[in-house]
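For reference, the chains in residue letters:
6 protein chains.
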Amino acid sequence: MRILIANVNTTETITQAIAEQARSVAAPGTEIIGLTPWFGAESVEGNFESYLAAIAVMDRVLAYEGPYDAVIQAGYGEHGREGLQELLEVPVVDITDAAASTAMYLGHAYSVVTTLDRTVPLIEDRLKLSGLYDRCASVRASGLAVLELEEHPERAVEAIVEQAERAVREDKAEVICLGCGGMAGLDELIRQRTGVPVIDGVSAAVTIAESLVRMGLSTSKVRTFATPRPKKVLGWPMKFGR
Amino acid sequence: MRILIANVNTTETITQAIAEQARSVAAPGTEIIGLTPWFGAESVEGNFESYLAAIAVMDRVLAYEGPYDAVIQAGYGEHGREGLQELLEVPVVDITDAAASTAMYLGHAYSVVTTLDRTVPLIEDRLKLSGLYDRCASVRASGLAVLELEEHPERAVEAIVEQAERAVREDKAEVICLGCGGMAGLDELIRQRTGVPVIDGVSAAVTIAESLVRMGLSTSKVRTFATPRPKKVLGWPMKFGR
Amino acid sequence: MRILIANVNTTETITQAIAEQARSVAAPGTEIIGLTPWFGAESVEGNFESYLAAIAVMDRVLAYEGPYDAVIQAGYGEHGREGLQELLEVPVVDITDAAASTAMYLGHAYSVVTTLDRTVPLIEDRLKLSGLYDRCASVRASGLAVLELEEHPERAVEAIVEQAERAVREDKAEVICLGCGGMAGLDELIRQRTGVPVIDGVSAAVTIAESLVRMGLSTSKVRTFATPRPKKVLGWPMKFGR
Amino acid sequence: MRILIANVNTTETITQAIAEQARSVAAPGTEIIGLTPWFGAESVEGNFESYLAAIAVMDRVLAYEGPYDAVIQAGYGEHGREGLQELLEVPVVDITDAAASTAMYLGHAYSVVTTLDRTVPLIEDRLKLSGLYDRCASVRASGLAVLELEEHPERAVEAIVEQAERAVREDKAEVICLGCGGMAGLDELIRQRTGVPVIDGVSAAVTIAESLVRMGLSTSKVRTFATPRPKKVLGWPMKFGR
Amino acid sequence: MRILIANVNTTETITQAIAEQARSVAAPGTEIIGLTPWFGAESVEGNFESYLAAIAVMDRVLAYEGPYDAVIQAGYGEHGREGLQELLEVPVVDITDAAASTAMYLGHAYSVVTTLDRTVPLIEDRLKLSGLYDRCASVRASGLAVLELEEHPERAVEAIVEQAERAVREDKAEVICLGCGGMAGLDELIRQRTGVPVIDGVSAAVTIAESLVRMGLSTSKVRTFATPRPKKVLGWPMKFGR
Amino acid sequence: MRILIANVNTTETITQAIAEQARSVAAPGTEIIGLTPWFGAESVEGNFESYLAAIAVMDRVLAYEGPYDAVIQAGYGEHGREGLQELLEVPVVDITDAAASTAMYLGHAYSVVTTLDRTVPLIEDRLKLSGLYDRCASVRASGLAVLELEEHPERAVEAIVEQAERAVREDKAEVICLGCGGMAGLDELIRQRTGVPVIDGVSAAVTIAESLVRMGLSTSKVRTFATPRPKKVLGWPMKFGR
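Protein chains in written order, with our numbering: chain A, 1 to 242; chain B, 1 to 242; chain C, 1 to 242; chain D, 1 to 242; chain E, 1 to 242; chain F, 1 to 242.
If you are wondering where the hints come from, they were derived from the structure by calculation, not from laboratory data. Just so you know, not all the hints are guaranteed correct.
[Said to hold, decoys possible] Listed next, the stretches of chain D that the computed footprint assigns to chain E, with coverage defined by at least 3 CB atoms under 8 Å from CB atoms of chain E:
#1 89-103
#2 129-138
#3 169-175
#4 186-199
#5 204-211
#6 219-232
[Stated by the list, open to error] Pairwise CB distance ranges, derived in the manner of DEER restraints:
#7 29(B) / 134(C): 28 to 36 Å
#8 195(A) / 230(B): 34 to 42 Å
#9 169(F) / 230(B): 49 to 57 Å
Every residue gets a Cβ at the ideal spot worked out from N, C-alpha and C, and that includes glycine.
Next comes chain A alone, as it looks inside the complex (with noise of 0.2 Å):
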């Protein structure tokens, strides 16, 4: 089997850091390509970055030439997740749906750590819209921004704690999402410091999307996610990068 992994941004260790998470939890046999958008912002951390990344990604997806089995989106409550299900027919697994769906099987209510406080409203609405927001006890902010997690980990490991511990204690969160694409592998590290099961949202994407195939379930094309219906569309596919 084989898992396109996109990141949002198009910074390229970004990439490489997803794509190696993936790796580390994926079944023998699946392979795990990391894609990288052709353009678009270094790191995503507002709503016009985001939906440029959502239109990046359906851009760099589609330009991908051998067959796939399934798509993750690498972004924490990121726009873009209904266009690639429209686009597509294998299934489409968005990291913020996967944390937090995960999250529900192990305690009775969530939080999500994050970067900015500015991307807070954006994993809220993107959970809400989801379905998956009535057991999310908060969504709090570090105050680091993503390129400051590449830069200084052991800041960010800090930061991240300290959030992560008033969401247990201050909000009865019963387990944590870590709420950033950028944030793969820190899990055990926080799980250690807040005992409490520590979700990192790039390895739940990547179980559920091999689960979705191995049961043979495809996008349902009924009705939202149907195909697009022919028509002129100027300048798609887009041009830049190429």
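Start from chain A and add chains B, C, D, E and F according to the hints.
Frame of chain A; chains B, C, D, E and F shown alone:
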């Protein structure tokens, strides 16, 4: 005062119809500038096309060189409004929200009548995110595509009136929102047929945008719609169409 | 166009302040008529006083003899709007709703700052009934009674600013609604202090009423707000004060 | 123990029917005093009439001179209960709430059958405000006005039974609440026809009021229902009818 | 009238305390029979113990040989009420629901003060399922286990009062529900300390059960609580303890 | 990896069918152990039977002597999952939740098709408690009892297909969940008939349990699902059937 009104699709005649409708309700002294995106679908009827439109509208608005006081996004249930709000200081009004918030002043519950069934969940989701769904009795589809509205206006009226009547009778709607930019101008006719107030989103959006400007209000920049942080963004602004 | 703006309490100086505020935002050609009820409390701060005001406002508006195009009820969180909607054909706008629906165009969440703690549940309940509560971050009380706002404007500003700042910082509000008719005129000052848009309900209501009239819209009469059936009503219209 | 039961309309025969119904379920030692408002509509079927009734009931109850232990407001979906709660120390029970909270002990979901379609939103809104709407399967209108219930009891029964049957079959109601004070006494008959428990709000309210008194409970005065602050209130108490 | 009141745990002294509390509020002519389950935990503080109690209470009630008119399940936030409703014709009242529905007549919002933090989600979930959660301001834990309430009543009072005070001050509760059968009898003392009405669930349940019986109402059998279909049930009735 | 899958009823052939279905989707190296409770109903179709099953499943799982990595509770809409989560360290997956969370990856809304109408509220309530109800379009009953599914598979398919088709057409479901353990194996057939993805809860649960184990995740023990405190529990473990 100058208001930009952005069509979400690339069909120039729809831009003209929208701008004309906007001008018919605009206050003396309000200048309406219709904008057609430089890329994207000729009509927007689903998530992929809507996400592409989101970026195309941002691209087109940013490329507008003169000063302006407010922006209207003239697509029903489309993505992208939050991105514009980040990029701009001036108020941004989506016609979906404008129709709904106006309808709520006139009746206890409103329904939306739109084009294709596949766009119903998009409209419902946008209204939920905007916090304007509580008094929504239903979103109903006429079954006619956007471009068919232009080609067969009399059939469009029949199909829309039928759904509007069922919304009033079965769903207990007391106001009808015309759920498509391309329906601009049909409101008076339909009002006569159904006996309830009919809201045209473009008209509603113009008056709301004017009001916000008149009160000196602009988008809050403290959190969700803060200006994007300076960073490297590949391929932006887009080159297509210039 | 003539708009009646009804104070909910019997304090004439508040009527004047409200009407003045309304005039400052009204479009050229809009005439504002301030109405003071002939009975009821000198300030409205609770359910009994609010119910009495509901009837007193209906009584006063019905007694107005000239023609008019819209009515504004200038009380925050008060009862009665639905009654006016039944009795009149012209649009009726409550300032609570007007402030909230306007705020939602400018930020992801809004808070209301009002007078006494006891009025907080009234405002929350009115926003819920109006379907405008979803994006409400909080309703906060400054602890100052309505009439104290008039007597000690500088203390009022301090108390309101403090609650507004906490709403932004703790409750994640991105817009502030001034939750009291008597606060009209403080908006600009508070905007400077808090850095977020501040909505004055009276101003918002004037622009909305003007817009509804301009679009030729009036209250839906098919169900909830249908004209009362002809029947014997003892003691109505009321005799007090004429 | 003495319980005042206030009719919301000015039709004396309805007061008598309500009081009789109340007496039929009252415990030994409970004295029922029926009160008819001194002003207001002969029947209450909409917001204007309901707001007027709210004040008329407060006026009538305050004018009652003897001691009493609890007050029942015997109107379905009417305004005003919160005002009485502010003005009085003794418990106040609205029959809308009483029927709903009683129904929830007997089935998973309940429906209300009321008179005219225009009162349906009032009942729904009151149940929402009272926090008793979650298990409401539907509110259905029989299409008969309040006074028609008195004039044509056999037609009323047929119309109510039909809606009750549809509520059970189509809306999955397991209990029926008779949504009108004037329906008092029909419960047993309708129970036989529909096979599900039928709640008469007056009876339910009497037992709840008695229970609250027996437990020595009274309205909380710390916030929402605190006694109105002393202030100048023009025209109150009202002079009409004395 | 005879009412069975079933303790959920196997501690006989708690049964006696509950029955005594029930008798203190019961109407003349109401006989209270306390039942202690024949198996299960000495105190119920979590899901496993609560599920076991659910079956133990059904087992014990079915084994009661005389006639009876209603059953009260005297555990806070426990499972099982729906099972009893299926097995019996007579009304079944859970003290969690009884306290909540009673509290809602006395204030705009109520809080529950219970024993251990781990039982908070159970209580919240039961209130949600019963449709009585909308007006719940908070569920707070005193940190004391059920049996500690019996051993150290003065410490229990202090811990409960502290949480009740915080519920009123911070969560805006206007009424307090004592969230544990073992707290029966502390209500008057706590009411004096907090100044708000305090509801004892056992007392509330007795008056509700009496009221339902007096009105001749019984559990609806059309759907959710229909009598179980005849089938082979191994090991039932249980043999333990007889 | 070894996964225990517990039937909720005492019909051995259903256990075998469930285990077979589980094995058909299990990954290489996953051992599936089917468990039949030692007491309880031959089929579970209501609250009493479901509560009894809750305890019987806990009893049976605790009596299993070998090591295991996860437990699946294979009943649709049944009680008990939270009890298992308290008693065990390993992940516990309920097939109701598994089907729903899987369906949400494939369509905008899902419906459940189950057996008898009386079990519909149980399923709805379980989905609400699990936080997976927001995207549920409907729960529909085929009208066939659990054991009839076994006896008349062809009639079962017809009845289920009819409800599935109505769910898609009338309720706008885009995915169907087979709402009964006994329906395992019918999914492919029904998928062909309805054209939408069909989720078998047992299969979904197996892949989710495997995924949780593979990621090294286990139930959070900080609050709701903390291990029961040591105390005297009469009659436990149960003796029946050993």
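Hints, one by one, checked against the model:
1. 89-103: holds (count 6)
2. 129-138: n = 6 at 8 Å, threshold three: holds.
3. 169-175: holds (count 3)
4. 186-199: Result for this restraint: holds, n = 4.
5. 204-211: Coverage by chain E holds for the region 204-211 of chain D (5 residues, Cβ < 8 Å).
6. 219-232: The restraint on the region 219-232 of chain D holds, since 6 of its residues have a Cβ under 8 Å from chain E and three suffice.
7. 29(B) / 134(C): 28 to 36 Å: For residue 134(C) against residue 29(B), whose Cβ atoms are near 35 Å apart, the range 28 to 36 Å holds.
8. 195(A) / 230(B): 34 to 42 Å: With Cβ atoms ~39 Å apart, the hint holds.
9. 169(F) / 230(B): 49 to 57 Å: Taking Cβ atoms as reference, residue 169(F) and residue 230(B) lie about 51 Å apart, which means the hint holds.
Every hint from the earlier list agrees with this structure, and none is contradicted.
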